[in-house]
Amino acid sequence: DTGVSQDPRHKITKRGQNVTFRCDPISEHNRLYWYRQTLGQGPEFLTYFQNEAQLEKSRLLSDRFSAERPKGSFSTLEIQRTEQGDSAMYLCASSLSSERDRHVYNEQFFGPGTRLTVL
Amino acid sequence: DAKTTQPPSMDCAEGRAANLPCNHSTISGNEYVYWYRQIHSQGPQYIIHGLKNNETNEMASLIITEDRKSSTLILPHATLRDTAVYYCIVRVKKNTGFQKLVFGTGTRLLVSP
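Listed in order, the protein sequences are those of chains D and Z.
Mapped onto the numbering used here, the consecutive letters of the first sequence carry residue numbers 1 to 119.
Mapped onto the numbering used here, the consecutive letters of the second sequence carry residue numbers 120 to 232.
Hints listed in this document are in silico derivations from the structure and should not be mistaken for laboratory results.
Treat the numbers as computed from the prediction; the structure is a model and nothing was measured.
Don't be surprised by glycine CBs; every beta carbon is placed ideally from N, CA and C.
Across the chosen pairs, the derived CB separations fall in these ranges:
1. G134(Z) to A53(D): 43 to 53 Å
2. F74(D) to I158(Z): 20 to 30 Å
3. S147(Z) to P70(D): 35 to 45 Å
4. R135(Z) to G40(D): 23 to 33 Å
5. E52(D) to H196(Z): 37 to 47 Å
6. D63(D) to T175(Z): 39 to 49 Å
7. N142(Z) to Q41(D): 14 to 24 Å
In silico lysine-lysine, DSSO-like type, Cα no more than 30 Å apart, as pairs:
8. K219(Z) to K71(D)
9. K11(D) to K57(D)
10. K219(Z) to K57(D)
If you want the footprint, here are the derived chain D segments under chain Z, 3+ residues with CB under 8 Å:
11. 39-51
12. 107-118
For reference, chain D alone in the conformation it holds in the complex (with noise of 0.2 Å):
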């Protein structure tokens, strides 16, 4: 246990259903990360927050992605009018960073992922 927690674990939903997810991370990491992963494949980067500012969103957020970390804990990721391309493990990940270790690495801190099967 990493310490940062995802739930649902597991979400099977139709067709074009909304789905949303969330991400604890750990308490004082100020860096949180959303990646997705389908079957054989290493993780894709998606958005990363620093505090509650969304810094980053890769393309491959569409616009029926979003996510959210309101007051800098926990993340949200909502997936609307869901497709069958979007079934995979959703991974969220957290690191603490700060002004004066800008240049150190700070490793993510990875929970166990949100597996999302849409029929």
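Based on the hints, put chain Z in the right spot on chain D.
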């Protein structure tokens, strides 16, 4: 982003050293090499990272060639619990200090009794 090349799979006997290679011939001077692993049904786990010197921690050793075009992750005494997919990643760095991890397909290491 620098690309990495890893063998898709490797086998290792329990108790023996596992040596996992990675090629990153286009790495630039300020890019680090990171290793993560992913045990089945879990999220990736950080192992080690380095710039140009060899590194060792409680989990593994990282050997980087002098020209930095390749590296090897060494698990000195592999156990069954080391069975996982191992990812070699080159760090993408921006001025903000944001560190996007670009994963490839990794090496699936199977440790057998």
